[in-house]
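Peer 1: Listed here are the chains, written in short residue letters.
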Amino acid sequence: MKNPFIFILSSLFISTCALASTPQQQLTQLAAAGNGVIKLNAETFDLLTSPKRTWSASIQLTALDPRRRCNPCKEFDPSFQAVAKAWSNVSPKTRDEHFFATLDFDNGSSVFQKLGLASAPIVYNYPAADGPRKASRTSPAKYDFSDGFDPAPLAEFLSNLTPVTIPYKAPIDFTRWITFTVGALGAAIFLRFLFPIVNNRWSWAAGVVLTSLVMTSGYMFTRIRNVPYTGPNGNWVASGYQTQFGQEVQVVAFTYGLLAFSFLMLTLVVPYQSSPQRQRIQVYLWTGVIMIVYSVLVSLFRVKNRGYPFKLFL
Amino acid sequence: MNTAYPVPIDVPKSTIRNTASLLRIVALSLISGAAIASRLFAVINFESIIHEFDPWFNYRATRILAAKGFYEFWNWFDPTAWYPLGRVVGGTVYPGLMATSGVIYNVLHALNMPVDIRNICVLLAPGFSAFTAWATYMFTKEMKDESAGLLAAALIGIAPGYISRSVAGSYDNEAIAIFLLMFTFYCWIKALKQGSALFGTIAAVFYFYMVAAWGGYVFITNMIPLHALVLMLMNRFSNRLYVAYCSWYAIGTLASMQVPFVGFQPVSTSEHMGALGVFGLLQIIAFIRLVRSHVSAKQFDQLLSGVGVLIGILGALAFAFLTYKGKIAPWTGRFYSLWDTAYAKKHIPIIASVSEHQPTAWPSFFMDLQFLIFAFPAGVILCFKELRDEHLFVIIYAIMASYFAGVMVRLMLTLTPVVCVASAVALSSLLDTYIDPTEPRPEVEDRTDAVSEAGSVATNGSSTPHPNGQSKKAKKAAAAAPQTPKGALGDFIAATTPTPKGTAPRQKGIFGIDARLVVIINVLSMLFFFVFHCTWVTSNAYSSPSVVLASQNPDGSQHIIDDFREAYYWLRMNTPKDAVVMSWWDYGYQIAGMADRPTLVDNNTWNNTHIATVGRAMASSEENAYPILRKHDVDYVLVIFGGLIGYSGDDINKFLWMVRIAQGVWPDEIQESNYFTPQGEYRIDDRASPIMKNSLMYKMSYYRFNELFGGGQGQDRVRQQPVPKVGPTLDYIEEAFTSENWIVRIFQVKKEDPLGRDHKSANAFAQGKKRKHSKPAPRRRALVA
Numbered sequence: 001m002k003n004p005f006i007f008i009l010s011s012l013f014i015s016t017c018a019l020a021s022t023p024q025q026q027l028t029q030l031a032a033a034g035n036g037v038i039k040l041n042a043e044t045f046d047l048l049t050s051p052k053r054t055w056s057a058s059i060q061l062t063a064l065d066p067r068r069r070c071n072p073c074k075e076f077d078p079s080f081q082a083v084a085k086a087w088s089n090v091s092p093k094t095r096d097e098h099f100f101a102t103l104d105f106d107n108g109s110s111v112f113q114k115l116g117l118a119s120a121p122i123v124y125n126y127p128a129a130d131g132p133r134k135a136s137r138t139s140p141a142k143y144d145f146s147d148g149f150d151p152a153p154l155a156e157f158l159s160n161l162t163p164v165t166i167p168y169k170a171p172i173d174f175t176r177w178i179t180f181t182v183g184a185l186g187a188a189i190f191l192r193f194l195f196p197i198v199n200n201r202w203s204w205a206a207g208v209v210l211t212s213l214v215m216t217s218g219y220m221f222t223r224i225r226n227v228p229y230t231g232p233n234g235n236w237v238a239s240g241y242q243t244q245f246g247q248e249v250q251v252v253a254f255t256y257g258l259l260a261f262s263f264l265m266l267t268l269v270v271p272y273q274s275s276p277q278r279q280r281i282q283v284y285l286w287t288g289v290i291m292i293v294y295s296v297l298v299s300l301f302r303v304k305n306r307g308y309p310f311k312l313f314l
Numbered sequence: 001m002n003t004a005y006p007v008p009i010d011v012p013k014s015t016i017r018n019t020a021s022l023l024r025i026v027a028l029s030l031i032s033g034a035a036i037a038s039r040l041f042a043v044i045n046f047e048s049i050i051h052e053f054d055p056w057f058n059y060r061a062t063r064i065l066a067a068k069g070f071y072e073f074w075n076w077f078d079p080t081a082w083y084p085l086g087r088v089v090g091g092t093v094y095p096g097l098m099a100t101s102g103v104i105y106n107v108l109h110a111l112n113m114p115v116d117i118r119n120i121c122v123l124l125a126p127g128f129s130a131f132t133a134w135a136t137y138m139f140t141k142e143m144k145d146e147s148a149g150l151l152a153a154a155l156i157g158i159a160p161g162y163i164s165r166s167v168a169g170s171y172d173n174e175a176i177a178i179f180l181l182m183f184t185f186y187c188w189i190k191a192l193k194q195g196s197a198l199f200g201t202i203a204a205v206f207y208f209y210m211v212a213a214w215g216g217y218v219f220i221t222n223m224i225p226l227h228a229l230v231l232m233l234m235n236r237f238s239n240r241l242y243v244a245y246c247s248w249y250a251i252g253t254l255a256s257m258q259v260p261f262v263g264f265q266p267v268s269t270s271e272h273m274g275a276l277g278v279f280g281l282l283q284i285i286a287f288i289r290l291v292r293s294h295v296s297a298k299q300f301d302q303l304l305s306g307v308g309v310l311i312g313i314l315g316a317l318a319f320a321f322l323t324y325k326g327k328i329a330p331w332t333g334r335f336y337s338l339w340d341t342a343y344a345k346k347h348i349p350i351i352a353s354v355s356e357h358q359p360t361a362w363p364s365f366f367m368d369l370q371f372l373i374f375a376f377p378a379g380v381i382l383c384f385k386e387l388r389d390e391h392l393f394v395i396i397y398a399i400m401a402s403y404f405a406g407v408m409v410r411l412m413l414t415l416t417p418v419v420c421v422a423s424a425v426a427l428s429s430l431l432d433t434y435i436d437p438t439e440p441r442p443e444v445e446d447r448t449d450a451v452s453e454a455g456s457v458a459t460n461g462s463s464t465p466h467p468n469g470q471s472k473k474a475k476k477a478a479a480a481a482p483q484t485p486k487g488a489l490g491d492f493i494a495a496t497t498p499t500p501k502g503t504a505p506r507q508k509g510i511f512g513i514d515a516r517l518v519v520i521i522n523v524l525s526m527l528f529f530f531v532f533h534c535t536w537v538t539s540n541a542y543s544s545p546s547v548v549l550a551s552q553n554p555d556g557s558q559h560i561i562d563d564f565r566e567a568y569y570w571l572r573m574n575t576p577k578d579a580v581v582m583s584w585w586d587y588g589y590q591i592a593g594m595a596d597r598p599t600l601v602d603n604n605t606w607n608n609t610h611i612a613t614v615g616r617a618m619a620s621s622e623e624n625a626y627p628i629l630r631k632h633d634v635d636y637v638l639v640i641f642g643g644l645i646g647y648s649g650d651d652i653n654k655f656l657w658m659v660r661i662a663q664g665v666w667p668d669e670i671q672e673s674n675y676f677t678p679q680g681e682y683r684i685d686d687r688a689s690p691i692m693k694n695s696l697m698y699k700m701s702y703y704r705f706n707e708l709f710g711g712g713q714g715q716d717r718v719r720q721q722p723v724p725k726v727g728p729t730l731d732y733i734e735e736a737f738t739s740e741n742w743i744v745r746i747f748q749v750k751k752e753d754p755l756g757r758d759h760k761s762a763n764a765f766a767q768g769k770k771r772k773h774s775k776p777a778p779r780r781r782a783l784v785a
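Chain order of the listed sequences is R and E. Sequential numbering from 1 applies to the first sequence in full-length UniProt numbering. Sequential numbering from 1 applies to the second sequence in full-length UniProt numbering.
Hints are computed from structural coordinates only; laboratory data are not their basis. Certain hints may be false.
[Claimed, not checked] Below, computed lysine to aspartate or glutamate pairings styled on EDC-like, alpha-carbon distance capped at 16 Å:
| # | chain 1 | residue 1 | chain 2 | residue 2 |
| --- | --- | --- | --- | --- |
| 1 | R | 52 | R | 97 |
| 2 | E | 751 | E | 735 |
| 3 | E | 751 | E | 731 |
| 4 | E | 693 | E | 731 |
| 5 | E | 760 | E | 734 |
| 6 | R | 85 | R | 96 |
| 7 | E | 725 | E | 707 |
| 8 | E | 577 | E | 78 |
| 9 | E | 750 | E | 623 |
| 10 | R | 134 | E | 668 |
| 11 | E | 193 | E | 389 |
| 12 | R | 142 | E | 669 |
| 13 | R | 134 | E | 669 |
| 14 | R | 142 | E | 668 |
| 15 | R | 142 | E | 681 |
| 16 | E | 725 | E | 685 |
| 17 | R | 114 | R | 43 |
| 18 | R | 142 | E | 672 |
Next up, chain R with everything else stripped away, as it sits in the complex:
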């Protein structure tokens, strides 16, 4: 509780004698005013990234104005703020060696032009260009969003650049824990009612078969590659043998399931039919289903693999 007090005092003190302050002090002051994040405009951007800088900086280039309709910007901003906030807990001496700043497109479109940026959000890290912390490479490094917009990978990445590791800790996800606890308790209470289901082999069979159907339809591919559910223009078949969309998992799994079900009907159910006429109809019905659905499946495969030479009735 002591630190913030001193911090406010010192910032007050600095602001009173702002005229004599160095750029770094100015920036410290701006950072204090912005709750750890400097709100930049074109001039302060030049100040922060001056070629003589003895400090390093992480700059978020974003467009938060609703008119810009930048949803990723809105999604990412809280993460950046959270990491910056974590940084403001570092002891003041090291803290002022590194700044967090954000530049909105509407406050500094000239900067965006100068950097040749056409998209947002972007995080640039400017290493120190002068002084004791001078880095071997002074050009900025860009943060790669391949790990998503979460704060943890951002903090991990930025920690390479800051004088000390950013003390970022992910907040405890209470909703998740509560859901989990409630779920577990509910399961424990309803165990009596669930027991016949758990104990029934056919519920397990359904689970096993559904799982393997979904897995053999490329579900893990969509999970790992984060492919969209459908393509543009409602096109649900991804062209190309090595890719697929989310919807294809459902269609293909359903097709496989239907075919397997027809096999099972023919094997397990039809033989028990006691009326010859009804049995004959069922045999023809399920054989027809197999032939037609299989033809559809093969033609779907021909869409994916253009070189496939075979086709059935379709």
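Could you slot chain E onto chain R? The hints should help.
Peer 2: Chain E alone, transformed into the frame defined by chain R:
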């Protein structure tokens, strides 16, 4: 007698039995023939050559084994790999494959059959596929009966999912491993069924063979304990299980520790802890059962709550403590990335970069398994219907393998056997039902009469007589009261739930010949289609050696592109024996095998830093790369470039992985984003980023590329982009060799300038002087020297 088609009734049982067993032998040998023959496309279309990358190392090691004997091989230190580190081959290799070939080689030579070791290596995989078919037959026979076994053997013999890793020339560990996998599983099932310590021991011996042959043995190490655990959870503990598991685990684990590469892992890593835990659990349960049979129920309850819980808690605590103290290693990255699929990309890019470690899209499943992929769930359901101990194994195997195959293309290989087994069970049940000549009676009749008749018909008519199957079938065929139909789903549920006691079993059978024929013809045509599919896939997709590429001339004839061997032989013939070649790790084994030159890195990706060093050199500018090259004594740099003929597996396409791997070790120096355009595109034309254009890899790939186009602008046929009008220039290295289609380009690293200048200024000086005299470029001069 009421049959759908005439059946001879006066054939003695022994005749049927003998004919059936003769037919089985004939069928199995035909299946073996088909399995071997369909894998020979690679030899017929191309030649008897070792394929791809890893097989080249296996082949090289086998040659050493055959030439110098096993002890030399065991103690072999290879100074030419991982230059300058070297590699202890004997201790870092699964020797099963090489030992197998060595044994075959020595046996044949002892019989005065002087077969070349290369031909043994090329044909090992097809040969073992015949054994796999047999092992699958034995395994499926335990699940259902011989006819299902034969079907399964035929399916796995030609299924592309297995052929993809076992064509002639694909001399890799998987070639023998799938046979060992299936045979170990068969022995385990047999041991479990009979409670036989003998079969448990045989399972352990083949498990040892598997451990010596393939890293995928961990799949067995976890499948069998999982099966045992599920059996215990289902309250199916039996003395059979105890004997089978203990004999397998004790002998198998001790044996597996004899492989130097495995060593003490079976008692110290997480992958193997499941097996140990289940072993302990079995002992506890067996002990509790022993006590229960000796004390009264009340005392037993007190004992159980006391001792059982205590042992369990102590065991779990000990396990947690040892993991915490680091005595038990956590899951290794390769296996861990199967569960946490994002892990590899983040932490071990080398694993994520391999193409066979990518996730599988559904067309690959269909390509590899065709109609089996949907007959397979039906087979799983049929296993649930019977649900004996061995069926549980198939069910567990099915669910685990389909998950793994979804995560990694490569593990399609482990899915294929279970798919073949399950779909063989499904198809053969279907065929059994519809081939069975017994015709049910439409009305309810006298039960005892029906039983005797149905029994006798089944005995005579069933295509594969089996004493147990017959009596069961006869029982099932017993006629009885029909039930009211309740729609398809209702029927399905009724058929799958066992008939309640007291009510008579329902009548089962098919009326008429046409219903039979429709179904049988449908199934047969699907099987025929499968054969055509497999033949097409094998000949078109899986038989390319990838060392030799094929393309088609305008008249349709085959044109062989042989750039790789051309370049490797150039290296072999024109460079000193100790010249160090740097290339991306994919080509390390091939360079060692075909060019016989030391390499910096190869496909045995054990040293991430060393690989990252190569990536760093490739990704840096010439000035920065030169000291790295000199420090590692690199004489030649080899790159693969497909831009001229459109070979997409080239180094420019792999370049981002080199950057990523280098970035993992030198994050300050190499950053992936620098190799993209500001718009985030990966380009090689005018808009490519300066760092990209200055990287060694880019310069080597496009050096003099424009000259091919008569000084005009070159077009990269892989990236479909025009290359910059002004091509890159080289100062520190010079072109030494470029193959016919430009796929392989070799550059020589210049020695330090004799006058102590850096090469850039030396070159500028030389060019300044040359300009007056005009011509020849310094590159030419060096080539002559």
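Peer 1: For every hint, state whether the structure bears it out.
Peer 2: Each hint, compared with the structure:
1. 52(R) <-> 97(R): holds, 14 Å
2. 751(E) <-> 735(E): Satisfied, since the Cα-Cα distance of roughly 14 Å is no more than 16 Å.
3. 751(E) <-> 731(E): Cα-Cα ~11 Å, so holds.
4. 693(E) <-> 731(E): Holds, at about 15 Å.
5. 760(E) <-> 734(E): holds, 12 Å
6. 85(R) <-> 96(R): Satisfied, since the Cα-Cα distance of roughly 13 Å is no more than 16 Å.
7. 725(E) <-> 707(E): holds, 10 Å
8. 577(E) <-> 78(E): With a Cα-Cα distance of about 15 Å, the restraint between residue 577(E) and residue 78(E) holds, given a limit of 16 Å.
9. 750(E) <-> 623(E): Cα-Cα ~12 Å, so holds.
10. 134(R) <-> 668(E): Cα-Cα ~13 Å, so holds.
11. 193(E) <-> 389(E): Judged against 16 Å, a Cα distance of about 8 Å means the pair holds.
12. 142(R) <-> 669(E): holds, 13 Å
13. 134(R) <-> 669(E): Measuring from Cα to Cα gives roughly 15 Å; hence the hint holds.
14. 142(R) <-> 668(E): holds, 12 Å
15. 142(R) <-> 681(E): Given that 16 Å is the threshold and the Cα spacing comes to 14 Å, the pair holds.
16. 725(E) <-> 685(E): It holds: about 9 Å lies between the C-alpha atoms, which stays within 16 Å.
17. 114(R) <-> 43(R): Holds - the C-alpha atoms of residue 43(R) and residue 114(R) are around 13 Å apart, at most 16 Å.
18. 142(R) <-> 672(E): OK: residue 142(R) and residue 672(E) at ~9 Å, within 16 Å.
Figure legend: structure checked against the earlier numbered hints; every hint is met.
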